[in-house]
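Trainee: With chain G fixed as given, assemble chain W onto it according to the hints.
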Amino acid sequence: MTAPRAIAIGCSAGGLTALEIVLGGLDPRIPSTILVCCHTGSSDVEILCELLARHTPLPVVEAAERDTPRAGTVHVAPSGYHLLVEHDGRFSLSVDPKVNFSRPSIDVLFTSAAEAYRASLIGIVMTGANQDGARGLADIRRHGGLSIVQDPADAEVRTMPQAALDIAGADHCIPLTAIAPLLNRLCLS
Amino acid sequence: MAVTPDDIEIELFLRALQLRHGYDFSQYAPASLKRRIVQLSHSQGMRTVSGLIERVLYEPGFMSVVLEGLSVPVSEMFRDPPVFRALRDQILPVLASYSQVNIWLAGCAHGQEVYSLAILLEEAGLYDRCQLYATDFNDAALLQAQEAIYPAREAQLWSRNYTAAGGAHSLADYYSARYELIKLDERLRRNVIFANHNLVTDDVFCEAQLVLCRNVLIYFGDVLQDRALNLFRDSLRRGGFLCLGIRESIDFAPSARDFSPVDAKLRIYQLGNKS
Numbered sequence: 001m002t003a004p005r006a007i008a009i010g011c012s013a014g015g016l017t018a019l020e021i022v023l024g025g026l027d028p029r030i031p032s033t034i035l036v037c038c039h040t041g042s043s044d045v046e047i048l049c050e051l052l053a054r055h056t057p058l059p060v061v062e063a064a065e066r067d068t069p070r071a072g073t074v075h076v077a078p079s080g081y082h083l084l085v086e087h088d089g090r091f092s093l094s095v096d097p098k099v100n101f102s103r104p105s106i107d108v109l110f111t112s113a114a115e116a117y118r119a120s121l122i123g124i125v126m127t128g129a130n131q132d133g134a135r136g137l138a139d140i141r142r143h144g145g146l147s148i149v150q151d152p153a154d155a156e157v158r159t160m161p162q163a164a165l166d167i168a169g170a171d172h173c174i175p176l177t178a179i180a181p182l183l184n185r186l187c188l189s
Numbered sequence: 001m002a003v004t005p006d007d008i009e010i011e012l013f014l015r016a017l018q019l020r021h022g023y024d025f026s027q028y029a030p031a032s033l034k035r036r037i038v039q040l041s042h043s044q045g046m047r048t049v050s051g052l053i054e055r056v057l058y059e060p061g062f063m064s065v066v067l068e069g070l071s072v073p074v075s076e077m078f079r080d081p082p083v084f085r086a087l088r089d090q091i092l093p094v095l096a097s098y099s100q101v102n103i104w105l106a107g108c109a110h111g112q113e114v115y116s117l118a119i120l121l122e123e124a125g126l127y128d129r130c131q132l133y134a135t136d137f138n139d140a141a142l143l144q145a146q147e148a149i150y151p152a153r154e155a156q157l158w159s160r161n162y163t164a165a166g167g168a169h170s171l172a173d174y175y176s177a178r179y180e181l182i183k184l185d186e187r188l189r190r191n192v193i194f195a196n197h198n199l200v201t202d203d204v205f206c207e208a209q210l211v212l213c214r215n216v217l218i219y220f221g222d223v224l225q226d227r228a229l230n231l232f233r234d235s236l237r238r239g240g241f242l243c244l245g246i247r248e249s250i251d252f253a254p255s256a257r258d259f260s261p262v263d264a265k266l267r268i269y270q271l272g273n274k275s
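Top line first, the protein sequences correspond to chains G and W.
For what it's worth, my numbering labels the leading residue of the first sequence as 1, then goes sequentially.
For what it's worth, my numbering labels the leading residue of the second sequence as 1, then goes sequentially.
If we strip away everything but chain G, and leave its shape as in the complex, we get (with noise of 0.2 Å):
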């Protein structure tokens, strides 16, 4: 196949963890743009993102307002904001309430990158709390994208990877280690 444009991810308790995990394993070549939306509680991206750029070979930045998202690099949401992918391409921030009692909330990414990307999207639903997601990934589903959901029983909390199974269903329900490894192959063979 060839490579997805997009792969978006979203992860809540115990994501950073996860994160790490993911991104670390990823192969510097991919040639997909990352997007990343986890609630962390901390109100600056910015240490999300060094935290994040110290274990992956990719470059890790905030998702900037009417940016246009670059290949290969990892773009996080910032805190207090819905991130949005336009249909342009572009990314655009909302204000708007929390979704999920989130913002940014990960249904809100996901559901606009499924109509950006259409099928030319991956999404992935990992460790997390609450619920945030799983209608994200069901509207990927939908649009003809793949979704990856981490496996509820390898996950630190598994209310939303088994949220997610339950509304949107999996192409691939695995652990978290496997994540990586399935991504390198879907995006580089």
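Worth double-checking, as some hints may not be accurate.
Claimed, not checked - Derived coverage of chain G by chain W (criterion: at least 3 residues anywhere in the stretch with Cβ under 8 Å from a Cβ of chain W; other residues may be distant):
(1) 66 to 78
(2) 88 to 99
As the list claims (entries may be wrong) - The calculated SDA-like cross-link candidates involving lysine to any residue, where the alpha carbons are at most 25 Å apart (straight line), are:
(3) W:LYS265 <-> G:GLY80
(4) G:LYS98 <-> W:ILE10
(5) G:LYS98 <-> W:LEU157
(6) W:LYS265 <-> G:ALA53
(7) W:LYS183 <-> W:LEU126
(8) W:LYS183 <-> W:GLU123
(9) G:LYS98 <-> W:SER71
(10) W:LYS265 <-> W:ALA96
(11) G:LYS98 <-> W:LEU67
(12) W:LYS183 <-> W:GLU68
(13) W:LYS265 <-> G:ASP96
(14) G:LYS98 <-> G:LEU16
(15) W:LYS265 <-> G:THR68
It should be emphasised that the hints constitute simulated quantities derived from the structure, not laboratory data.
In this text, all values refer to a predicted model and were calculated from it rather than measured experimentally.
Beta carbons are placed, not taken as given, at the ideal position from N, Cα and C, and that holds for glycine.
Mentor: Relative to the frame of chain G, chain W by itself:
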């Protein structure tokens, strides 16, 4: 690529708003707008956006429901405290050199920023020489802004923000609490004019030394963002200040050339210091 039925519905809905009521949302950033429209249709108990079209065309009063749904005014007092601290420390001392100061708060929604700024001006001893224009395109929001009544559960966060912004007293000095609500001191609005103004269609109406418009342009596409920035430029005196939301980007707007950053990180700009 084939246009999906829901995108067709959105387009027809927007066209109906424009033809029937004169509101033009066509230059808004589509992804957020679509999300709000879909949410509006759900909150009205409809399965599709098409149902909204009929009501927009035929139901008197429904347009105000639509405006309320499409403007979703969410804010807090002293949001991003470092911005208000910078206004207090860097901008107000400059404004103090004028005998009469005009300030325009564009897209003021429920008024949280209006009163935050009013408190800053009070504490700097500048309030009585200031005229504040607080505008929004949503009349219902303007009414709420004038009432200045907010849920009491917000007060804790707002107090923290106020202190972090360098507030001289306690935020509680400015409101009275009753049941689940707080009401801000009416004196804070003695020099505030609340008025309907739509950044999409309306023009310059004042000459200001400071324009505050935070997290409004993030909902605009590039063309509309540039229009609004032009409007701010034409409304500002030379050397006047523009304060936007801290994650907003004006790098792509041609009219951004007329502004130079005072504090780039906090998105505070000054007009005309480059040319």
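Trainee: Each hint: holds or not?
Mentor: Here is how each hint holds up against the structure:
no., hint, verdict
1, 66 to 78, "holds (count 3)"
2, 88 to 99, "holds (count 6)"
3, W:LYS265 <-> G:GLY80, "holds (16 Å)"
4, G:LYS98 <-> W:ILE10, "holds (23 Å)"
5, G:LYS98 <-> W:LEU157, "holds (16 Å)"
6, W:LYS265 <-> G:ALA53, "holds (22 Å)"
7, W:LYS183 <-> W:LEU126, "holds (23 Å)"
8, W:LYS183 <-> W:GLU123, "holds (19 Å)"
9, G:LYS98 <-> W:SER71, "holds (15 Å)"
10, W:LYS265 <-> W:ALA96, "holds (24 Å)"
11, G:LYS98 <-> W:LEU67, "holds (19 Å)"
12, W:LYS183 <-> W:GLU68, "holds (22 Å)"
13, W:LYS265 <-> G:ASP96, "holds (22 Å)"
14, G:LYS98 <-> G:LEU16, "holds (21 Å)"
15, W:LYS265 <-> G:THR68, "holds (20 Å)"
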